[in-house]
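Chains as they are written, first to last, in the numbering used here: chain A, 1 to 210; chain B, 211 to 443; chain C, 444 to 705; chain D, 706 to 997.
Keep in mind the hints are simulated off the structure, nothing from the lab.
Among the clues, some could well be false.
In silico lysine to aspartate or glutamate, EDC-like type, Cα no more than 20 Å apart, as pairs [claimed, not checked]:
1. C/Lys599 <-> A/Asp24
2. C/Lys599 <-> C/Glu575
3. A/Lys87 <-> C/Asp570
4. B/Lys275 <-> C/Asp598
5. D/Lys751 <-> D/Asp942
6. D/Lys913 <-> B/Glu399
7. D/Lys833 <-> B/Asp321
8. D/Lys913 <-> A/Asp24
9. C/Lys506 <-> C/Glu494
10. C/Lys599 <-> C/Asp543
11. C/Lys599 <-> C/Glu663
12. B/Lys275 <-> C/Glu575
Not everything, but these chain B residues come out facing chain D in the computed CB check (under 8 Å) [claimed, not checked]:
13. Leu219
14. Ala220
15. Arg279
16. Ala344
17. Phe345
18. Ala348
19. Ala351
20. Phe352
21. Phe355
22. Phe370
23. Met373
24. Thr377
25. Pro378
26. Glu381
27. His391
Glycine included, C-beta positions come from ideal geometry on N, C-alpha and C.
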Amino acid sequence: MAEAVGTWLGAFLTLCIFSFLYRDNPFFRFAESLFAGISLGYYIGIVSNNTLGPNLFQPLFTDFSGRAHLLIPMLLGLNLYTRYLPKIAWLSRISLAVYIAYYVGINMVQKLQGEVVPQVGQTIMNPIGGTYTPIDNLIIIVGVLAVLVYFYFSIEHKGVMGPVSRLGIWFLMLGFGAAFGYTVMGRVSLLIGRMNYLFLETVNATVAVF
Amino acid sequence: MFWKLRLPLALTFFVGLVPIVTFFLTERVFGVSFVRDRVEQYMVIIAGFALLLGVVNVVQGNVRKIERRRPGWPFAISLLTGLFVMGTFGLLSAFRVGPFQGILSAPDGSDTPFYWMTRSLFNPLQAAMFSLLAFYIASAAFRAFRVRNIEASILMVAAFVVMLGRTPLGEYVFGWIPGGHRWLPTFTEWIMAVPNTAAQRGIIIGAALGAAALSLRVILGIERSHLGVKGKS
Amino acid sequence: MTPDTWYDPSRVGAPLVLLLVFSALVLFFIQRSRQGHALFIRRIAGITAMEEAVGRATELGRKVLYLPGGGTLDDIQTIASLAVMRHVASLTAQYSVELDVPNKDPLTFAAARETVQEAYIQAGRPDLFNNETVHYVTYDQFAYTASITGLMVRDKPATNFLIGAFHAESLLLAETGQTVGAMQIAGTAEVTQLPFFAVVCDYTLMGEELFAAGAYLSKEPAMLGSIKGQDITKAGLIAFLILGILLEIFGIHWFRDFMTIS
Amino acid sequence: MQLERLANIDRRVVYLLIAIGTTLPILLPIGFAVSTTPPVENLYHKIEGCGTDDVVMISFDYGPTTAPECTPMAEAVMRHCFSRGVKVIVLALFPIGGVTMAGETVENISAEYPHLRYGEDYVFLGYKDGAQATMKQMGVAFSGVFPRDQMGTALEELPLMQRVRNYENVSLIVSIATNVIGEWWANLVNAQFGTPVAVGCTAVSAPKYYAFLDTGQMLGLLGGLKGASEYERLILDGYPELRRIYNRTGVYNAMKGMDAQTVDHAIIMIFILFGNIVYFLIRRRDRRLGTA
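Just chain A, same shape as in the assembly (with noise of 0.2 Å):
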């Protein structure tokens, strides 16, 4: 019985949001709202069972001077809170520099030893032999150059600069449009998952009931 009444609760929400392709109305506002509260509860009840408590409070009752280590990040979490406290809400800040500052470390290294790195490798390829024509493989090297040289920002581009950037710039639509196609598929997909769901498993559900 909670299954078939889930089921409904759920398509009536699907068909509230689905009103909005209309127009906004009180259906929708009622289902984004409800949304929204629900899943900040949604997140408040994941990220303690999954992070504060398992991470933070169990390792910290269980046993708190072999971990107490754990009270640097649960300072500096708490630390946050100061914004709401006029006198010394600048030390907020540390906790967002220290946050910040640990993730941009690891992201100076990672896009450079894990995208620059191997997409140069690629690239760096006898345009005979490997899984392409040579043509293709010539495709993909000019395509390549001639983005970057479009990104390229502290030269005007003009001169040799100019065409070649024109191309760049044809090839990024081309995989735009391509990537745009592409994706229609799965986007589709999804509908057919939704309408599929409003139309032969709220029935399902209901039959199963009687």
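Chains B, C and D: place on chain A using the hints.
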């Protein structure tokens, strides 16, 4: 004033160097395993505390909305109700209070109220919102794909060919020529594999360099907008 | 499994060399620029349009909506977004236009609050900043999207900035913004979402342009110097690529091997 | 003025047509002919080569979000095996809802084959966290990771599992995967243990998987709804008695989904063409007015 500016910037510099330096070292070096095992965990905890910061702001904003009877205030009630009910079940389950001995499923495998709400309310809302994309991608294509200039034409033709090639329609176009039914699907795959790869690679290399340069500016304290501190050279 | 050296041999090759060369070049050009060597940075349409976009809000008497993206503060795109946000906030303060910054990530929310408030103080308009200028919505991608699309339809912002890390929600947000007649400037480095922004928005900062935007807007010598350093690295990589390909044709695999991570 | 109106049709017209184009084909199948491709045929022929002594493993490595694409694949492969009397072992490695997908599919499909017996003809092992570790351990013994099946029965009590110890006794592994787990089957299990692996994946990840097909690490590949509908086409041609299942209204399958895809793609393309024709007419008119 000195500390308000210098301390965050000094911390940024030193903390930022930690992952860069340890990246190249092995755990044989003192402190590396500490960084790898613990610091990441610390950051997740800090982020966990931040969520409450957001919750406080949402509650404040919506309570104010109700108090002042601003337009749409009844919807603030449904928001707060959803937040309160779901959040309470979530907290009770997360800390295993009373009968709430599990968040998504109880120890005997049965569903919890938190899970029921997730499945009946949260997941359908997510999926419904996500699926609106099917409508939007259609209307965006109709409106934006016009042959205004060379760039727009390339964009449109590429999208059109790929859309055609991905369905049985693509097989029918040249299907009357012997062997022709594979032409468009093959061409579609070629577009994805060759020119599209080139464009993506170019963007990724450029963006990664840009990201690295921004990272360096942050670590050096040149870029500091995120701290609310005005940059100066 | 642990190698018996103190450094990780799979990482000290190309990645370390690239890191050192890159950092050296960026630092060199920052220094040079600070010493007063003028630098040219080409015009980037999306950035030049920002002032016009805020001006439009003044004319229409409607608000400016700034979305810092669905990424968290550990995503460098969000940091780039905060740098642009700072500039947009100074503009809205100067023009006395209402600014609205709804957030998905709570830490980004905390940082954005600092960024915007300070920009208003610097612009001499702390009175225009209030607790609702920068606010929090929810952590869920689609719940956030639903709230923002609703907000767009009801408040009809004159201008939308969609700058940062966006995922599947990109098209939902941009298309709704388009229906309410907002001028839209987007910026992201998410390769999968760029097509949608490029198709729907008036201006799109693509990849590297997003990261350069903050520096470009600040007009500070040190910032511009870093862009130059990054460009020179890029030129070096292009040369490296061409040389590598030529050597490959003659069967010499040095460059490729060097860039292949074992 | 008329032309401008055509160029700016209310977007809700587009929405309505997409809604109809998605719903109608699900309720009333059209049946666009799909030609089959080698990656799909390979998997079909592999199972055709299996007899009643062979065992096929079907791993549910996807969740509810990609069910419209993935479930028809799992169903078609399972029906194919059951129709031939090939033994089936089902498991789930995808953490978010994989086991639910597997449970529902096993329940639905086994109901269509009432003569098959649980434990002898098919077994449902259940879900295990940590896909890579699970895959490695199953190379030694299934019972090491799954001491009991989903219903809690010890594996040694199941007749089928008494003769199936590890991958050596399995003829084929089919992973219906939404993310990287499908790759792991290929580059971990196939590479280390040599068991043939075929993967069914969403259309979005198909291009990436073609590389594994080239190297032979994957024997077959079903890409998205298209791949699933091709497989349905093959089993319908081979086993006409399945028509009564696939022609039922009120039950979703990939061919219906593919019909909806085709109709929606056609609607979008027609709108693009229409928009451009109107755009051309406006330009031509303006040019004429300008020169007049």
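Taking the hints in turn, this is what the structure says about them:
1. Restraint check for C/Lys599 and A/Asp24: the C-alpha separation of about 12 Å stays at or below 20 Å, so the hint holds.
2. Taking the CA atoms of C/Lys599 and C/Glu575, the gap is near 17 Å; set against the 20 Å cutoff, the hint holds.
3. A hinted pair counts as satisfied when its Cα atoms are at most 20 Å apart, and A/Lys87 with C/Asp570 qualifies at roughly 19 Å.
4. Simply put, B/Lys275 and C/Asp598 have alpha-carbon atoms about 15 Å apart, close enough for the 20 Å limit, and the pair holds.
5. As the CA atoms of D/Lys751 and D/Asp942 are separated by approximately 16 Å, the hinted pair is consistent with the 20 Å bound.
6. A distance of roughly 12 Å separates the Cα atoms of D/Lys913 and B/Glu399; the hinted pair therefore holds under the 20 Å criterion.
7. Only pairs whose Cα atoms come within 20 Å are accepted, and D/Lys833 paired with B/Asp321 is accepted, the gap being roughly 19 Å.
8. Distance restraint check for D/Lys913 and A/Asp24: the Cα-Cα separation of roughly 40 Å exceeds the 20 Å cut-off, and the hinted pair is therefore not satisfied.
9. A hinted pair counts as satisfied when its Cα atoms are at most 20 Å apart, and C/Lys506 with C/Glu494 qualifies at roughly 14 Å.
10. Our distance criterion of 20 Å between C-alpha atoms is met by C/Lys599 and C/Asp543, whose separation comes to about 12 Å.
11. A threshold of 20 Å between alpha carbons decides the hint, and for C/Lys599 with C/Glu663 the separation of about 34 Å lies outside it, so the pair is violated.
12. Pair hint B/Lys275 plus C/Glu575 holds up; C-alpha atoms about 11 Å apart against a cutoff of 20 Å.
13. A least Cβ separation of about 39 Å between B/Leu219 and chain D goes past the 8 Å threshold, and the interface hint is therefore violated.
14. A hinted interface residue such as B/Ala220 counts as satisfied when its beta carbon comes closer than 8 Å to some beta carbon of chain D; here the least separation is about 40 Å, so the hint is violated.
15. Against a cut-off of 8 Å between C-beta atoms, the interface hint on B/Arg279 is violated, since the closest Cβ of chain D lies about 33 Å away.
16. Given hint, B/Ala344 at the interface with chain D, holds; its Cβ is 6 Å from that chain's nearest Cβ, closer than 8 Å.
17. Checking B/Phe345 against chain D by beta carbon gives a least distance of about 5 Å; that is within 8 Å, so the hint holds.
18. For B/Ala348, the interface hint holds, since its Cβ comes within 8 Å of a Cβ in chain D; the closest pair sits about 5 Å apart.
19. A least Cβ separation of about 5 Å between B/Ala351 and chain D falls short of the 8 Å threshold, and the interface hint therefore holds.
20. Restraint check, B/Phe352 versus chain D: the minimum CB separation of about 4 Å is within 8 Å; hint holds.
21. At about 5 Å, the closest approach between the beta carbon of B/Phe355 and any beta carbon in chain D falls short of 8 Å, and the interface hint on this residue holds.
22. Residue-level restraint check for B/Phe370 holds (minimum Cβ-Cβ distance to chain D is 6 Å; threshold 8 Å).
23. With its C-beta approaching chain D no nearer than about 5 Å, B/Met373 sits inside the 8 Å limit, and its interface hint holds.
24. For B/Thr377, the shortest C-beta to C-beta distance to chain D is roughly 5 Å, which falls under 8 Å, so the interface hint holds.
25. Proximity of B/Pro378 to chain D holds as hinted, the smallest CB-CB distance being about 5 Å (cut-off 8 Å).
26. Evaluation of the B/Glu381 hint against chain D yields a held restraint, the C-beta minimum of about 6 Å falling below 8 Å.
27. Annotation: B/His391 was flagged as interfacial toward chain D, and the flag holds, the nearest CB pair being 6 Å apart, inside 8 Å.
Checked against the numbered hints given earlier, the structure breaks hints 8, 11, 13, 14 and 15 and satisfies all the rest.
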